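Chemist: Put together the whole structure using the sequences plus the hints.
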Amino acid sequence: MKREVTIDEVENMAASARESVWNKAKAEGREPKIYLHWTAGNHTAVFEDYHINITGDGEIYVTTDDLSETKSHTWRRNTGSIGIALCCCYGGGSASLGGFPPTAKQIEVMAQVIDRVATALWLTIDKAHVMSHGEAANNEDGGVGTHKPYAWWNDGYGDGDTRGDLEYLGTSESPSYKPWATDGSRGGDVLRGKANWYKNQRECS
Numbered sequence: 001m002k003r004e005v006t007i008d009e010v011e012n013m014a015a016s017a018r019e020s021v022w023n024k025a026k027a028e029g030r031e032p033k034i035y036l037h038w039t040a041g042n043h044t045a046v047f048e049d050y051h052i053n054i055t056g057d058g059e060i061y062v063t064t065d066d067l068s069e070t071k072s073h074t075w076r077r078n079t080g081s082i083g084i085a086l087c088c089c090y091g092g093g094s095a096s097l098g099g100f101p102p103t104a105k106q107i108e109v110m111a112q113v114i115d116r117v118a119t120a121l122w123l124t125i126d127k128a129h130v131m132s133h134g135e136a137a138n139n140e141d142g143g144v145g146t147h148k149p150y151a152w153w154n155d156g157y158g159d160g161d162t163r164g165d166l167e168y169l170g171t172s173e174s175p176s177y178k179p180w181a182t183d184g185s186r187g188g189d190v191l192r193g194k195a196n197w198y199k200n201q202r203e204c205s
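Per the UniProt record's numbering: the sequence shown = residues 1 to 205.
Calculated from the structure, these hints are not laboratory results.
Among these hints, one or two may not hold up.
[Claimed, not checked] Computed list of lysine-lysine pairs in DSSO-like fashion (alpha-carbon distance at most 30 Å, straight line):
| # | residue 1 | residue 2 |
| --- | --- | --- |
| 1 | Lys199 | Lys24 |
| 2 | Lys24 | Lys71 |
| 3 | Lys105 | Lys199 |
Here the structure is a predicted model, which is why all the values come from computation and not from measurement.
Modeler: Set out below in structure tokens:
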């Protein structure tokens, strides 16, 4: 299924799923997580792997009526987590984001969705709770200790998954692939920063 929703509906859905999401995460010995992806498709195709898809023009689609449903978006990290994806990056890789790079509208809407979902789940917007797929592949939260050393397109797991999602956004803030950058230019850093900005704006209004 896919259904277009508003940002307020997303927050309400996350609030309704909060208890179940927390219970599932606690059963795994951790707190809930939000994982950020690209679909590796065009700007309109919505994929069932992710709870929330954001199209190139910023429309928001859900693929479930229950955000606590376990979806297959992040290897060994799906239970008690929510996957949010930008519809983009077909043909993308470390050198190029392909013919469908993230749009400015998508990036801003994803940041707003992160804010609302994290707020509804009672989560802090930090790397411990909100990660790009690229960061998760690097096991940067120490959550899964079985990952091999990360390299783009190095399919050491033999499952065809490259796990580089949103390492960079192709914008002035995040122009290129630099997975070990500490200057805030990685995609996950930029998206968390924007999400916290939206959160602060709401709380101050």
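Chemist: All hints, please: hold or fail.
Modeler: Hints, verified against the model:
The hinted pair formed by Lys199 and Lys24 meets the criterion: a straight-line CA distance of about 26 Å does not exceed 30 Å. Pair hint Lys24 plus Lys71 holds up; C-alpha atoms about 13 Å apart against a cutoff of 30 Å. Distance check on the hinted pair: Lys105 and Lys199 sit about 17 Å apart at the alpha-carbon level, within 30 Å; holds.
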